[in-house]
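Peer 1: Chain residues, written in single-letter form:
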Amino acid sequence: MTTAEPARPNAPAPSAPRRLSAWLHERPRLRLGALLVAPFGWFGVVYFGSLAVLFAYAFWSLDPQTGVVVKSFTLSNFQRMVTDPVYGAIVQRTVAVAAIVTVADALIAFPIAYYMARVASPRRRALLFMSVLLPLWASYLVKVYAWRVIVAPSGILDWAFHLVGITDSSSVLGVSDVSMTIVFIYMWLPYMILPIYAGLERIPSSYLEASADLGARSGQTFRRVILPLVLPALVAGSIFTFSLTLGDYIIPQLVSNTQFIGNVVYVSQGVAGDIPFAAAFALVPVGIMAVYLLVARRLGAFDAI
Amino acid sequence: MSRILLRIATGLTLAFLYVPIAVIILYAFNAQRVQVWPIAEYSTRWFGEALANESVRSALVLSLTVGVAATVVAIVLGSLASFAVHRHRYFGREVISFALVLPIALPGIITGIALNATFNNFGIPLGTLTIVVGHATFCVVVVYNNVIARLRRSSTTIEEASADLGADSWQTFRFVTFPVLRTAIVAAGLLAFALSFDEIIVTTFTAGTQETLPIWIFNHLRLPNQRPIVNVVAMFLILMSVIPVYLAQRVSSETTGAAATNR
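Protein sequences, first through last, are from chains Y and G. Just so we're aligned, residue 1 is where the first sequence starts under the working numbering, counting upward by one. Just so we're aligned, residue 1001 is where the second sequence starts under the working numbering, counting upward by one.
Calculated directly from the structure, the hints in this document are not laboratory data. Don't take each hint at face value.
Restraint ranges, calculated between C-beta atoms of paired labels, are given here [to be verified]:
1. G:I1039 x Y:L214: 34 to 40 Å
2. G:V1186 x Y:M130: 45 to 51 Å
3. G:S1043 x Y:S154: 52 to 58 Å
4. G:I1008 x Y:G67: 57 to 63 Å
5. G:L1005 x Y:V82: 47 to 53 Å
6. Y:S154 x G:G1127: 49 to 55 Å
7. Y:R217 x G:T1044: 23 to 29 Å
The C-beta atom is built at its ideal place from N, Cα and C for all residues, glycine as well.
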């Protein structure tokens, strides 16, 4: 082997991938098309195709006698949603809990986010960031299950209440709406901490110094400088806490006896086999989130994610 | 004064975040079948029983299969989309970013019921393949976010330099672009795998009678005599969802900014 010199760009017989890449290089539009065809195809067919089918199903119906889907246009699913008061109550309850969870998460998230962004040393900040990130990723179902174990009779909370002399904690906790709300607050807390932290970190220190130099007390600086600047990040975090609560059915099922929007969809599809009604009901959170996202965009939340 | 309060609040919040996770890890070592606090006796006896359990083993195999397959599809689709969006200026870039984020921005139940309705409509039987399709769809955005963040940070001048020195675009990709992206792709793959391994909502609607590990837990956690094994599997699931994220963070710094929106 005497020809040990490296392959040169203008070597006589370029390999097939090289010829292809050279050929594509001169045709940028074609290259773009080649890059996009797979992801576009997948998302166009699988995802948006499915959403379109979901939308169509919402206007079809289930023949109660045969259990077969009748593929002709009807508003009967939506009529049922509006006329039966059970469904209205479920939607109201879901939205109310989503709102409570969002506000509670914002209040709990702010101090730790502030400490991370503006007080902690860079080293400790990195450590805290990781400490918030890992529970966010830790298995969703296992965290719900852990809470079920914690609030169960003769679980940790029961034991802790006994320590301070309360012997009847099961009337408050156990499988209940209070437990469910606590679990929701717990589950989505990191989703609120991280955007607020990022928002606070972006505020230049000079703004706060200027505010202090101009005679503002720390409370005033907080209300009139920090809060307006961090608001988009807060709204960004609230998109997660709100949307995740709206679509959940596992937490209500495992730690309460309450029905959420998600439970109706889940039961209609799984137990009743009524996909048309499940599809129609699934459009409710989509509609609520669409409104929420429009408002969030006006508040500048999309630049803060 | 206010600093001390902030420090206390931070400590309490961290305790709130970690207590449930610690509780499940402790219960995995609970020697008894009954689940009372405090735990009287610790043992590792249930680990062997969990490993020997036939339904746990087949759920583990399914979860690993789906995780790997969904990750591979997500890496291919997510990287291609990020190259296209980064390298070419054309209208509709925002539309693509928005479309990729949608499966995780909308509640999982929407993706789940939409896929379920579609498979049902076209008579596609639910099974491993349909789970992979669902998982890959919401994993793409993780890869896309990581790779595009790296592309934005790396300067295009090294690629121009490569071209000026006579490399064709294949060589430039192979020897310049890909080495820059490698760690971002590895990190994204780890995150996508963790996301898939732990998913339950979309899976419930696309799995039919198949059981992934999260579905196995969901189906067994109400059965008192299965509880010790459920606890062991639960601890395993915690580790499998947290370790990849830790590794991804070590491998690539992009994870930092993107992770909050990734899930």
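Peer 1: All hints are to be evaluated individually against the structure, with a verdict given for each.
Peer 2: Structure-based check of all given hints:
1. G:I1039 x Y:L214: 34 to 40 Å: violated, 57 Å
2. G:V1186 x Y:M130: 45 to 51 Å: violated, 18 Å
3. G:S1043 x Y:S154: 52 to 58 Å: violated, 20 Å
4. G:I1008 x Y:G67: 57 to 63 Å: Given a distance of about 59 Å, which is inside 57 to 63 Å, the answer is holds.
5. G:L1005 x Y:V82: 47 to 53 Å: Roughly 49 Å apart at Cβ, these two residues keep to the hinted range, so it holds.
6. Y:S154 x G:G1127: 49 to 55 Å: violated, 41 Å
7. Y:R217 x G:T1044: 23 to 29 Å: violated, 57 Å
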